[in-house]
Amino acid sequence: MAEVVEGKKLSSYAEVGATQYVLERGLDTDVMVLNMGPQHPATHGVLRVELITDGEIVVKATPYIGYLHRCFEKHAESLEYQMVIPYTDRMDYLSAMNNEWVYCMAVEKLLKIEVPRRIEFMRVIVAELNRIASHIIAIGTYGLDIGAFTPFLHTFHDREHIMNLLEWLCGARMLYNYIWVGGVSHDFPPKFKERVAEFLKYYKPRVDEMNKLLTENELFVQRTRGIGVLPADVAINYGCSGPMLRGSGVKWDLRRNVPYSVYPELEFDVVVPKGDISVIGDCLSRHLVRCYEIYESIKIIEQCLDKMPDEPGFDPHKAVPKRIKPQAGEAIARGENPRGELAYYIISDGKGVKPYRVKARAPSFSNLSVLPELAKGALISDVVAIVGSIDIVLGDVDR
Amino acid sequence: MQPNPLTIDDIAALVREKFGDVISDPEKTPTAEFFTITDLDYLQAVMYFLREDERTKFNYLYCLSGVDNNDGTFTVVYHLESLGIHGHRLEVKANCSKEKPEIPSVSEIWRTADWHEREVYDLFGIKFIGHPDLRRILCPEDWEGHPLRKDYKVAEYYHGIRIPY
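Line order of the protein sequences matches chains R and W.
Residue numbers for the first sequence follow the numbering used here, so the first one is 172 and each next one is one higher.
Residue numbers for the second sequence follow the numbering used here, so the first one is 97 and each next one is one higher.
So that you can see chain R by itself, here it is in the shape it has in the complex:
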């Protein structure tokens, strides 16, 4: 039955839709502020996103960060060069090996030390193992954000093997303090290489299985395909890097484009989405890049195990300086962290054993800064998918 107000017949909702329905009745619509976080399961830590919403549509998203701010850079100024390494572990705690490696590269550059070749291969192996561990957390928790519980348990099961390997190597499961300036803390234990090779053999079919479980899942694809599309030029302008940038189709990887360590000797592909199952730059593309990068990391580790020189009685502390006191100067080292470009910019005043200034350029920080751009105009439920696809670690964002 039609509604009649003051002799005027009003249209029904089905006839005219929401906007006209509201206008005819003189009802006012307004935007609503919705806080996502700081304690929200999908923000992967303590991140608050203030969403201004118009119904289900996000008009504006503003991230608020700093809940985990420890002022690493201030700490670093009051510690000796070697003592900073454990702090770098605690920034991107899911890929601690990569963090300490880049920091050590910066100090080595400042000191102009050559690292033994065997050490370089050891570093690549542990960093790539850590990259796999980090990527499968990203993939597993991304499934969890979107509502798939099984892949999370599946990936954590495999991650446990990597954690065990690294624990055997240096005694710690997550925060290793393994890579030192000029060397590493321990040589590979006997049979370690064989165990790694065994793990890779076991793990390869498991990646395929994980992709079948999650990546090829229709529900997952529906939730991520075409969502949060990030054009390549916007990604570069916002300083995005890593899977975030490659997901937008930019073939850019520091291991290839600004080569360091022994990466120029190794065969691997820089993965970019083909655009066959995903829209280039969307959440699914970023997810796919991570999935395929696992295969590349496996390839890298296999080559390293072959090429690594065997030196019985090798002393991993051979090139470790007793006292680190660089001359006055500055150096920047860049490395490809699982999340993107990590850079350490160190200034030495030449007077003491402590750095004058340490700046950490964190990949998650720049990657997160593009969120307002991605979330604008998205549905509230898609914001969860977008934040998950950026793969932030709040320890890395806040430092």
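Take the hints with a grain of salt, since some may be wrong.
[Unchecked claim] List of simulated lysine-lysine pairs, DSS-like, C-alpha gap at most 27 Å:
#	chain 1	residue 1	chain 2	residue 2
1	W	Lys194	R	Lys525
2	R	Lys283	W	Lys189
3	R	Lys422	R	Lys283
4	W	Lys246	R	Lys245
5	W	Lys223	R	Lys245
6	W	Lys124	R	Lys496
7	W	Lys194	R	Lys245
8	W	Lys246	R	Lys522
9	W	Lys249	R	Lys245
10	W	Lys246	R	Lys496
FYI, nobody ran anything at the bench for these hints, they're computed from the structure.
Following the hints, put chain W in place on chain R, whose structure we already have.
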């Protein structure tokens, strides 16, 4: 576009040709090469030129750091890269005094500078002129002082709560 990586001397010459004497001579140390923008009025124009000119095309700002020189001046360091076009890299510096810590913002040129400049403002108190939303980003809004200044005294209380160290 054909990749054509330039050296820091070439780039400095290009900037001088366009703007005159607004930058210092390139300084070269074994671990870094950089030049300093001496005339801050030209900072935004030089940066825009570096991003837009066909020969330089620095489309990627990968690091922006503040430094307290402990002699009454601050330095802001820009690390640029021509990502996927020419592949060359550049380090540019700009100085300001501690009494008047003001530097023009480049956040309209590279959007990534938005958060990086907020971080430098938060930790050093350098004001970026022309920044659209210059608020603290890592410390709480009502935090007193700027922690990375060399003369910073650590706060003992925050909202009446003793901070344990």
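Evaluated hints:
Of the pairs offered as hints, the one joining Lys194(W) and Lys525(R) holds, with about 24 Å between alpha carbons and a cut-off of 27 Å not exceeded. Among the hinted pairs, Lys283(R) with Lys189(W) is consistent with the structure: their alpha-carbon atoms are about 23 Å apart, no more than 27 Å. About 31 Å separates the Cα atoms of Lys422(R) and Lys283(R), which puts this hinted pair outside 27 Å; it is violated. Taken as a hint, the Lys246(W) and Lys245(R) pair is honoured in the structure, with Cα atoms around 9 Å apart against an allowance of 27 Å.
For a cut-off of 27 Å, the pair hint linking Lys223(W) to Lys245(R) stands: about 20 Å separates their Cα positions. A threshold of 27 Å between alpha carbons decides the hint, and for Lys124(W) with Lys496(R) the separation of about 21 Å falls inside it, so the pair holds. Between Lys194(W) and Lys245(R) the CA atoms are separated by roughly 19 Å; this keeps the pair inside 27 Å, and the hint holds. For a cut-off of 27 Å, the pair hint linking Lys246(W) to Lys522(R) stands: about 16 Å separates their Cα positions.
Restraint check for Lys249(W) and Lys245(R): the C-alpha separation of about 12 Å stays at or below 27 Å, so the hint holds. For the proposed pair Lys246(W) and Lys496(R), the alpha carbon gap of about 20 Å is at most 27 Å, so the pair holds.
Comparing the model with each earlier hint shows a violation of hint 3 alone; every other hint is respected.
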